[in-house]
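Go ahead and model the full structure; you've got the sequences and the hints to work with.
Using this note's numbering, the first residue of the sequence shown is number 3, and each one after it goes up by one.
No lab work stands behind these hints, which were simulated from the structure alone. None of the values given here were measured: they were computed from a predicted structure. Errors might be hidden in some of the hints.
[Stated by the list, open to error] Restraint ranges, calculated between C-beta atoms of paired labels, are given here:
| id | residue 1 | residue 2 | range |
| --- | --- | --- | --- |
| 1 | G80 | I49 | 49 to 55 Å |
| 2 | T92 | P17 | 31 to 37 Å |
| 3 | R63 | V27 | 36 to 42 Å |
| 4 | R20 | E66 | 28 to 34 Å |
| 5 | F25 | I54 | 35 to 41 Å |
| 6 | Q78 | V33 | 18 to 24 Å |
| 7 | L9 | D67 | 17 to 23 Å |
Just so you know, even glycine gets a beta-carbon here, dropped at the ideal spot from N, CA and C.
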Amino acid sequence: MSLTHPLTTTAFDLPGYRTSKSFGVVRGIIVRSRSVIGNIGASVQAIFGGNISVYTNLCERAREDAFNLMLTHAGQLGANAVIGVRYDATEIA
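What follows is the structure in structure tokens.
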């Protein structure tokens, strides 16, 4: 179950609300990779410089999916908000 109307913030409080219970850490973990074809397209874009849209789109989708998983996890715990949201990305070789 995902949060119906998620209240999320990177701050450690929500103005106008008070924290009545903490459910601990919630997470949304995504591991993504490009296909061989996608990597070839990215290599061609890299030759000309600038933004490599293939990877930008992949990162944007991964971040959105991780955010939605985090909200689902929070909802499963019974939370109605997530405060102190942080993103992290790591390259896996």
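Status of the hints after comparison with the structure:
1. For the pair G80 and I49, the supplied restraint of 49 to 55 Å holds, since their beta-carbon distance comes to about 51 Å.
2. Between T92 and P17 the Cβ separation comes to about 32 Å, which falls inside the hinted range of 31 to 37 Å.
3. The hinted range of 36 to 42 Å is not satisfied by R63 and V27, whose Cβ atoms lie roughly 24 Å apart.
4. At roughly 29 Å, the beta-carbon separation of R20 and E66 lies within the given 28 to 34 Å, and the hint holds.
5. Here the CB-CB span from F25 to I54 is close to 38 Å, well matched to the stated 35 to 41 Å.
6. For the pair Q78 and V33, the beta carbons lie near 21 Å from each other, so the given range of 18 to 24 Å is met.
7. The hinted window of 17 to 23 Å between L9 and D67 holds, with their beta carbons roughly 20 Å apart.
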